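Asker: Residue numbers (the numbering used here), protein chains in the order written: chain F, 1 to 184; chain Z, 1 to 312; chain V, 1 to 429.
In short, the hints are calculated from the structure, not lab data. Among the hints, erroneous ones may be present.
Stated by the list, open to error - Computed spacing ranges between beta-carbons, pair by pair: (1) Z:Arg58 to F:Gly170: 44 to 52 Å; (2) F:Glu94 to Z:Ser256: 33 to 41 Å; (3) Z:Ala99 to V:Asp272: 47 to 55 Å; (4) F:Asp76 to Z:Ala20: 57 to 65 Å; (5) V:Gly129 to Z:Arg238: 36 to 44 Å.
What the hints assert, rightly or not - Here chain Z is said to cover these stretches of chain F; the calculated rule only asks that three of the stretch's residues, wherever they fall, bring their Cβ under 8 Å from a Cβ of chain Z: (6) 64-74; (7) 87-101; (8) 115-127.
Unchecked claim - Cross-link-like lysine-lysine pairs, in silico, DSS-like; alpha carbons within 25 Å at most: (9) Z:Lys6 to Z:Lys95; (10) Z:Lys95 to V:Lys314; (11) Z:Lys110 to V:Lys314; (12) V:Lys396 to V:Lys96; (13) V:Lys314 to V:Lys96; (14) F:Lys162 to F:Lys31.
As the structure is a prediction and not an experimental result, all values here were calculated from the model. Where a beta carbon is used, it is the ideal one built from N, C-alpha and C, also for glycine.
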Amino acid sequence: MGYRVKAEVMDAEAMDRALTRIAHEILEANKGAGAIALAGIMTRGVDMAARLAERIERIEGTAVPVGSLDISFYRDDVATRLSPEVHTTDIPYEVEDRTIVLVDDVLYTGRTIRAAMDAIMDFGRPSAIQLAVLVDRGHRELPIRADFVGKNVPTARRERVKVLLAEHDGRDAVVILEDDGEGE
Amino acid sequence: MALSSKHIMTMDDLTPEDIALILDTAESFAEVNQRRIKKLPTLRGRTIVNLFFEPSTRTRMSFEIASKRLSADGVNFTASSSATVKGETLRDTAKTLAAMACDMVIVRHKYAGAPQMLAEVMDCPIVNGGDGVHQHPTQALLDLYTMRQSLGKLEGLRVGIVGDVCHSRVAGSLVPALNKVGAKPIIIGPPTLMPARPDILGAEVAYDLDEVLPTLDVTYLLRVQFERAARMPFPSNREYAMLYGMNPARLAAMPSHGIVMHPGPMNRGVEISADVADSPRSVILDQVESGVAVRMAIMYLMLGGADSGTAA
Amino acid sequence: MALLLKGGRVVDAAAELDAVLDVLVEDGVITGVGEELEAPGAEVIDCAEKVILPGLADIHVHLREPGQEYKETIASGTRAAAHGGFTAVACMPNTKPICDSGSKVRFIVERAAAEGAVRVYPIGAITAGQAGEQLAEIGDMTAEGAVAFSDDGHGVQSAGMTRVAMDYIKRFGAPLIAHCEDESLAGEGVVNEGEVSTRMGLPGIPAAAEETMVARDIALAEITGCRLHLAHLSTARSLELVREAKARGLAVTCEVTPHHLFLDEDDLTSYDTNLKMNPPLRTAADREALVAGLLDGTVDCIATDHAPHAVHEKELEFELAPNGTTGLETALSLVNTHLVATGTLEWSAVTRLMCHNPRAAANLPEMRLEAGFPADITIVDPEARVEVSAEWFVSKSRNSAFLGQSLLGRASDVLVGGRWVVRKGKVVV
Numbered sequence: 001m002g003y004r005v006k007a008e009v010m011d012a013e014a015m016d017r018a019l020t021r022i023a024h025e026i027l028e029a030n031k032g033a034g035a036i037a038l039a040g041i042m043t044r045g046v047d048m049a050a051r052l053a054e055r056i057e058r059i060e061g062t063a064v065p066v067g068s069l070d071i072s073f074y075r076d077d078v079a080t081r082l083s084p085e086v087h088t089t090d091i092p093y094e095v096e097d098r099t100i101v102l103v104d105d106v107l108y109t110g111r112t113i114r115a116a117m118d119a120i121m122d123f124g125r126p127s128a129i130q131l132a133v134l135v136d137r138g139h140r141e142l143p144i145r146a147d148f149v150g151k152n153v154p155t156a157r158r159e160r161v162k163v164l165l166a167e168h169d170g171r172d173a174v175v176i177l178e179d180d181g182e183g184e
Numbered sequence: 001m002a003l004s005s006k007h008i009m010t011m012d013d014l015t016p017e018d019i020a021l022i023l024d025t026a027e028s029f030a031e032v033n034q035r036r037i038k039k040l041p042t043l044r045g046r047t048i049v050n051l052f053f054e055p056s057t058r059t060r061m062s063f064e065i066a067s068k069r070l071s072a073d074g075v076n077f078t079a080s081s082s083a084t085v086k087g088e089t090l091r092d093t094a095k096t097l098a099a100m101a102c103d104m105v106i107v108r109h110k111y112a113g114a115p116q117m118l119a120e121v122m123d124c125p126i127v128n129g130g131d132g133v134h135q136h137p138t139q140a141l142l143d144l145y146t147m148r149q150s151l152g153k154l155e156g157l158r159v160g161i162v163g164d165v166c167h168s169r170v171a172g173s174l175v176p177a178l179n180k181v182g183a184k185p186i187i188i189g190p191p192t193l194m195p196a197r198p199d200i201l202g203a204e205v206a207y208d209l210d211e212v213l214p215t216l217d218v219t220y221l222l223r224v225q226f227e228r229a230a231r232m233p234f235p236s237n238r239e240y241a242m243l244y245g246m247n248p249a250r251l252a253a254m255p256s257h258g259i260v261m262h263p264g265p266m267n268r269g270v271e272i273s274a275d276v277a278d279s280p281r282s283v284i285l286d287q288v289e290s291g292v293a294v295r296m297a298i299m300y301l302m303l304g305g306a307d308s309g310t311a312a
Numbered sequence: 001m002a003l004l005l006k007g008g009r010v011v012d013a014a015a016e017l018d019a020v021l022d023v024l025v026e027d028g029v030i031t032g033v034g035e036e037l038e039a040p041g042a043e044v045i046d047c048a049e050k051v052i053l054p055g056l057a058d059i060h061v062h063l064r065e066p067g068q069e070y071k072e073t074i075a076s077g078t079r080a081a082a083h084g085g086f087t088a089v090a091c092m093p094n095t096k097p098i099c100d101s102g103s104k105v106r107f108i109v110e111r112a113a114a115e116g117a118v119r120v121y122p123i124g125a126i127t128a129g130q131a132g133e134q135l136a137e138i139g140d141m142t143a144e145g146a147v148a149f150s151d152d153g154h155g156v157q158s159a160g161m162t163r164v165a166m167d168y169i170k171r172f173g174a175p176l177i178a179h180c181e182d183e184s185l186a187g188e189g190v191v192n193e194g195e196v197s198t199r200m201g202l203p204g205i206p207a208a209a210e211e212t213m214v215a216r217d218i219a220l221a222e223i224t225g226c227r228l229h230l231a232h233l234s235t236a237r238s239l240e241l242v243r244e245a246k247a248r249g250l251a252v253t254c255e256v257t258p259h260h261l262f263l264d265e266d267d268l269t270s271y272d273t274n275l276k277m278n279p280p281l282r283t284a285a286d287r288e289a290l291v292a293g294l295l296d297g298t299v300d301c302i303a304t305d306h307a308p309h310a311v312h313e314k315e316l317e318f319e320l321a322p323n324g325t326t327g328l329e330t331a332l333s334l335v336n337t338h339l340v341a342t343g344t345l346e347w348s349a350v351t352r353l354m355c356h357n358p359r360a361a362a363n364l365p366e367m368r369l370e371a372g373f374p375a376d377i378t379i380v381d382p383e384a385r386v387e388v389s390a391e392w393f394v395s396k397s398r399n400s401a402f403l404g405q406s407l408l409g410r411a412s413d414v415l416v417g418g419r420w421v422v423r424k425g426k427v428v429v
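Given only the sequences and the hints, what does the whole structure look like? Please build it.
Answerer: In structure tokens, the structure reads:
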């Protein structure tokens with residue numbers, strides 16, 4: 001299906017402010033950076049986790065450990081959909097007794113987050129798991145909620161929400177895409 | 001399906017793209033195998049049967065561990081393929097397994113063509129774990145993975161395969177596999193151990209190991225066993241070790257980056273000396289380690305997405 | 001009751017006939033062959049568009065009785081022979097027990113008389129039990145009706161034993177039919193050694209396994225003076241050896257099977273055991289040489305080596321399955337489809353290859369489309385279509401290398417001693 005941009009709901013400045021606010025909220029909720037670690041969900045969650053870590057260090061002066069999670073092997077739809085690319089999971093810290101903040105770009109049905117929770121639990125027993133997302137677009141299919149949200153964006157099911165990142169797409173923005181009716 | 005063929009019976013079933021996908025996916029599984037909890041929920045509830053008609057500890061264990069780490073139910077079915085000890089025919093065994101709704105069968109059998117026979121009777125994907133002296137594709141794949149990890153590339157590698165090539169299903173798969181990834185296989189041994197038509201397999205032939213050694217990036221040793229039996233194709237283990245055995249002197253004659261490989265089990269002192277087997281340039285244990293990751297990758301790619309018949 | 005076969009194309013190389021003629025049969029004997037024969041009171045059989053041949057004979061057939069009746073019996077095998085247009089067969093002795101004495105020959109003769117649809121001529125074993133060590137009772141077997149001697153299935157491995165056998169057999173005027181396969185070269189082989197064996201990972205039988213023994217047996221036939229008939233030759237070099245022997249005037253004849261004429265190792269694209277035979281399917285070059293040998297007269301006979309096996313026996317791993325394909329019912333159709341209909345071979349040559357030469361080679365009675373000869377007649381419909389399917393076979397076994405093929409031409413009607421065994425393509429006995 002072809003998609004075309006329907007609307008831009010965040011520009012670069014809006015994204016920057018949202019990420020800074022989320023970094024502050026994480027530090028406030030966890031009383032500092034001492035007991036937390038970030039785990040970005042492949043692929044864009046990883047870039048976002050890096051940006052959050054950089055802001056946390058700027059604010060708090062503490063370097064927060066960052067890992068990356070590839071959840072292909074934990075998906076609940078392995079039987080029908082095979083992830084075309086498989087990346088490597090890298091959690092360079094002890095999960096035991098730490099609060100892990102999962103970081104992803106868009107929260108939608110909640111299934112990716114469920115898989116990510118299973119993945120991180122396989123590394124050890126965290127004392128808590130929190131979730132930070134840039135965009136919450138609704139339509140949850142599982143009882144999952146985000147602790148830190150950049151922006152709530154109501155969408156229709158047939159729309160897609162895409163987070164553009166300067167590292168990959170040349171600019172920062174959050175756009176809503178809709179089906180342009182161009183068939184499969 | 002992510003791979004181009006439903007089954008992996010011979011190397012003909014895999015394109016160079018399939019091979020690259022399997023090796024890349026295996027890297028992810030290699031990371032899992034380093035964790036404390038070596039378990040993924042990916043193939044939960046699938047039944048994977050190891051149908052082994054020939055005794056094999058390492059290959060069977062490798063497949064079993066691979067399936068268990070993916071949360072599948074690995075089941076072992078051992079039977080005899082000897083004509084005198086046979087009870088049920090292969091065909092009937094296959095029908096029995098089909099009736100038990102297995103999701104995948106890995107088969108090792110004394111006779112070539114056994115996987116093909118299973119595929120006629122069963123619906124699920126079949127992996128050839130070694131059929132007679134014909135092929136052993138998963139071994140070739142884990143060997144390619146090990147080479148890639150050790151040497152950083154596959155294209156252009158000169159790989160010498162030494163020993164009883166005509167009776168080796170490992171060679172039967174490794175030679176075409178190397179050709180598919182742009183490497184150069186050379187089969188080395190006495191004429192009595194060469195296949196009838198090495199040219200159609202796509203390998204160069206050399207009878208003199210010492211002449212070829214300085215040009216090899218990999219020396220891949222096959223197991224040999226010459227007992228006192230009538231009309232053996234080689235006089236003795238002693239002469240074999242003398243002419244074709246890998247020893248420290250021969251290791252030194254290889255390029256400094258060259259590695260030594262062996263599918264196992266080894267005959268220390270015959271095709272490989274103990275010193276070389278234990279040297280850092282021998283990656284034999286890496287092969288075993290790769291085996292689990294590569295087999296996990298194969299199971300994942302063959303069973304994932306299978307229900308819809310399409311890749312994401 | 002007299003039969004008048006009217007208006008068919010009557011072809012017989014020995015009688016030097018190839019013309020539209022009538023054939024009159026009375027009391028089981030041909031009483032006239034000519035144009036517009038008068039035969040008041042005779043039943044007239046319209047043979048327009050048909051080809052009338054002297055009774056074809058297949059001199060290499062495994063009837064499996066006694067001992068393996070689940071694969072085939074004398075009754076079912078001879079019905080299959082009739083279905084394929086043959087009026088006579090010579091049956092190989094590798095039954096259970098081996099046919100190596102007079103009483104066992106008599107069993108076959110009596111069984112065939114009671115239940116055979118066509119004429120059956122037993123071939124006796126050369127050595128007792130086909131074990132290659134002791135001569136079998138050649139004289140006794142000859143007295144009971146054996147026409148030739150063979151250790152078909154594996155051949156006589158020892159040159160010394162073969163020489164003794166040839167010396168002994170020659171005084172009975174019978175041929176030694178040689179299965180040429182050196183077992184120490186063939187080993188565990190199941191396909192031709194070469195490209196296919198390498199590709200499929202199967203042990204191979206080198207062409208030399210056949211050729212070395214062909215050379216050996218020709219040399220022994222030369223020093224003993226025994227008639228030698230070489231069974232199922234499969235390689236170009238074997239034929240060259242026969243050509244040389246014939247040029248030197250030796251009494252050497254040979255046969256080739258339809259599967260070696262019309263299939264080769266390239267047809268082995270899967271592990272289909274119906275393509276597993278001994279000798280194996282050879283290279284395309286060998287096959288072409290066999291066809292050339294057929295055309296230049298080096299090959300004397302086409303014989304099927306009809307080898308029936310039960311379904312469960314062939315549905316095994318390739319290396320374990322028994323060797324062989326059935327052949328009686330498809331031979332004539334294959335020859336027509338690939339050789340006669342393509343203009344490569346004349347019907348007159350077919351009568352040499354499938355009637356006169358085989359009968360001469362194996363000491364069967366001669367048949368001709370001539371007054372005075374028994375009415376063993378094969379009537380062919382060259383335009384009939386044959387779809388080779390499991391259901392079409394009359395034999396008890398269905399292991400045909402030609403399953404699924406669509407062929408042209410078949411025997412539509414067959415007479416043995418003036419009695420109908422096949423009418424309108426169907427076996428009626």
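Asker: Run every hint past the structure and note whether it holds.
Answerer: Okay, the hints, checked on the actual structure:
no.	hint	in the structure
1	Z:Arg58 to F:Gly170: 44 to 52 Å	holds (51 Å)
2	F:Glu94 to Z:Ser256: 33 to 41 Å	holds (39 Å)
3	Z:Ala99 to V:Asp272: 47 to 55 Å	violated (25 Å)
4	F:Asp76 to Z:Ala20: 57 to 65 Å	violated (27 Å)
5	V:Gly129 to Z:Arg238: 36 to 44 Å	holds (42 Å)
6	64-74	holds (count 4)
7	87-101	holds (count 4)
8	115-127	holds (count 4)
9	Z:Lys6 to Z:Lys95	holds (19 Å)
10	Z:Lys95 to V:Lys314	holds (17 Å)
11	Z:Lys110 to V:Lys314	holds (17 Å)
12	V:Lys396 to V:Lys96	holds (18 Å)
13	V:Lys314 to V:Lys96	holds (19 Å)
14	F:Lys162 to F:Lys31	violated (32 Å)
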